[in-house]
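**Student:** Sequence:
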Amino acid sequence: NLIALILAEPLGAFTLMGSFMRLSGDDYCYGAIVVEKGFWNAQVSSYMNAMPYNGNRYSLTFFSDVVQLFDPRVNGILQGLVIVLWVIGLIWLFREITRIVKLPLHFLDSFIFAELTVFFTFYLTPDVIQSLYWRTGMIAYTAHLVVNTFLLAYILYRWREVGGGFWELLLVFSVAFITGSF
Numbered sequence: 008n009l010i011a012l013i014l015a016e017p018l019g020a021f022t023l024m025g026s027f028m029r030l031s032g033d034d035y036c037y038g039a040i041v042v043e044k045g046f047w048n049a050q051v052s053s054y055m056n057a058m059p060y061n062g063n064r065y066s067l068t069f070f071s072d073v074v075q076l077f078d079p080r081v082n083g084i085l086q087g088l089v090i091v092l093w094v095i096g097l098i099w100l101f102r103e104i105t106r107i108v109k110l111p112l113h114f115l116d117s118f119i120f121a122e123l124t125v126f127f128t129f130y131l132t133p134d135v136i137q138s139l140y141w142r143t144g145m146i147a148y149t150a151h152l153v154v155n156t157f158l159l160a161y162i163l164y165r166w167r168e169v170g171g172g173f174w175e176l177l178l179v180f181s182v183a184f185i186t187g188s189f
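Note that the sequence shown covers residues 8 to 189 in this note's numbering.
Not one of these hints is a red herring.
Simulated pairs of lysine to any residue, SDA-like, Cα-Cα distance not exceeding 25 Å:
(1) 109 / 124
(2) 44 / 57
(3) 44 / 30
(4) 109 / 157
(5) 109 / 169
(6) 44 / 70
(7) 44 / 80
(8) 44 / 78
(9) 44 / 76
(10) 109 / 123
(11) 109 / 158
(12) 44 / 72
(13) 109 / 155
(14) 44 / 29
Hints in this document: simulated from the structure, not taken from any laboratory.
Required output: the full structure, derived from the provided sequences and hints.
**Tutor:** If you want it as structure tokens, here you go:
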């Protein structure tokens, strides 16, 4: 319990630093296009026309524009949300792996491994500002890691449960397709 609490402190520090995040660079470009063209026209225009940002990453454009529709204070919450969701996804992934290999692993151990993974990922990231605190960079460089963690955990869960049909396959394909375009 103490180790989990100790590891939560630096993750809390990353989250606290994220609460001071301000828009920069491409964040303003995405916002200007949404204001100028509207949400749906911005999606089409960013993919079909030259933009001040890389418009061929349709998921990046879509999710940046979605965040743009909310109050600007949401930008200070995203980093904490990414950290919490990634820890949850890693806990699920570690639990599925250990069930498949029939290795006993307690929930607290999974939690500690998840915290360690997220902490060292951000600690060793060459530019944590770009990968976590800059909204466009966080969506492009980090969000897909979180989503793909959940996707892999789901695939392992379905494999372990010996199930899945057309709709599960469609779900996996759709999520992989979306995350492939961040």
